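Colleague: Residue numbers (my numbering): 10 to 439.
Note that these hints are calculated values from the structure, not bench results.
Remember, it's a predicted structure, so these values are computed and weren't measured experimentally.
Ideal placement from N, C-alpha and C gives every residue a C-beta, glycine not left out.
Label-pair distances were calculated between CB atoms; the ranges are:
| # | residue 1 | residue 2 | range |
| --- | --- | --- | --- |
| 1 | Thr283 | Glu70 | 34 to 44 Å |
| 2 | Pro336 | Leu396 | 22 to 32 Å |
| 3 | Val416 | Gln338 | 12 to 22 Å |
| 4 | Glu90 | Arg127 | 25 to 35 Å |
| 5 | Val365 | Ser67 | 47 to 57 Å |
| 6 | Asn346 | Gly197 | 52 to 62 Å |
| 7 | Phe208 | Gln338 | 28 to 38 Å |
| 8 | Ile41 | Pro126 | 54 to 64 Å |
| 9 | Asp97 | Pro336 | 48 to 58 Å |
| 10 | Gln338 | Glu374 | 24 to 34 Å |
| 11 | Pro336 | Thr283 | 32 to 42 Å |
| 12 | Thr63 | Pro126 | 25 to 35 Å |
Below, simulated DMTMM-like cross-link-like pairs (lysine to aspartate or glutamate); rule was C-alpha separation at most 20 Å, straight line:
| # | residue 1 | residue 2 |
| --- | --- | --- |
| 13 | Lys80 | Glu112 |
| 14 | Lys125 | Asp163 |
| 15 | Lys125 | Glu160 |
| 16 | Lys80 | Asp171 |
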Amino acid sequence: MSEPSREPDTRDMHRARPSPQARLSPIWIVPIVAIVIGLWLVYDNYRSRGPLITLTMSTAEGIEAGSTLIKTRNVEVGRVERVQLSDDLTHTVISARMAPDSEAMLTEGSRFWVVKPRIGREGISGLGTVLSGAFIQLQPGRGEPGVRQFEVSDQPPVAPADAAGVRVNLISQLGNSLRPGDPVTFQGYTVGRVEEVVFDADARRMDQRIFIESPYDRLVTDTTRFWSASGIDLRLDADGIRVNVESLEALLGGGVTFGVPEDLPRGNPVADDTTFNLYPDEDSARQGTFNRYLEYVLLVEDTVRGLSRGAPVEFRGVRIGTVAAVPWQFTASQPENRDSFSIPVLIRIEPQRLGVENQAVDLEEWEQRFRRLFDNGLRASLKSGNLLTGAMFVDINFHRDEADNYVAETFSDRTVFPITSAGFARSNPR
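With the sequences and hints as input, model every part of the structure.
Modeller: This is the structure we're talking about:
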């Protein structure tokens, strides 16, 4: 009989298994959440940041990094972050961070300038910046967006880029006292301003850009003439003493005025960037309308003292022309049949002064007409127009007793206008 086994029966016993260990301790939850939140804040800050632009200025007076604001219509749209000198030390470079919604404002036509206290003809402006400090004004413009570099102007613009009106260009051969901000007047009323004055060294001329606001822009047509209205126009000539002052503002500073000469039609309105000549005075502007003329030469054997360029040429008190040059071609050869040396004076006969329209001026017909009048005794003489100034003018009239002694002559390819042998430089006070 066998003995029972002493080993315990393990068939009904469960095998021991190792319990799984937690790999992430609860203590790491807080740092991980903090890192996630930090990364989100960094991303959100980067996503919400506006564009960074670069501004250039001649000097950074009143501009401080971190405090100077950029505004549009007194609303903050940016802030200056950094102010530094350029690499060549000729100007300052400003880095500014704009608001996220300012992308549409940064176009090719946008303009920047510094708002600070200024004293001008129109009074004192920018007093609000005495306590708050200077800021940079942004004027959004039109054009392609995405621009990141701009130049800050020293002066505020005369008119917004999208202002209703017309902008025209004026050119003049002589320098004048015009400055940006000077008034543009029409019959003494201010209708615009001078925006820009630049000297073109290559063309040796002054280029001005003016803005005329709506609804006065309709006054500028293709027959309009512009002339300078700077200060007082004091003139002593054959017509006497003339003093002309456009306005008190022009007297204190300068300005431009315009109009349509009486003998020209009103014309049609012009578009932007139309170019006009800027004349020194109103008489020169009106003289510019007489662009079709006959040129003659007076060979004066007497003194021409008192006769100057621009003096009138009259026929029985009616102006029909203008003295163009005194003297003219002084060293040219004299006609062979003249014994004494004469002083050549160039004059212009302007048929348009007699009411003849530009299209109806036939210069060949007028030249033949004057040839016949020379045979009938038409002669020129110099007369004193004003005893006080001593200015002289050219008087044209008929002298029947000299009709038979007319001999056609030329001087430097110009027909010689016959002069009377008597009555030269007689007084004819006005």
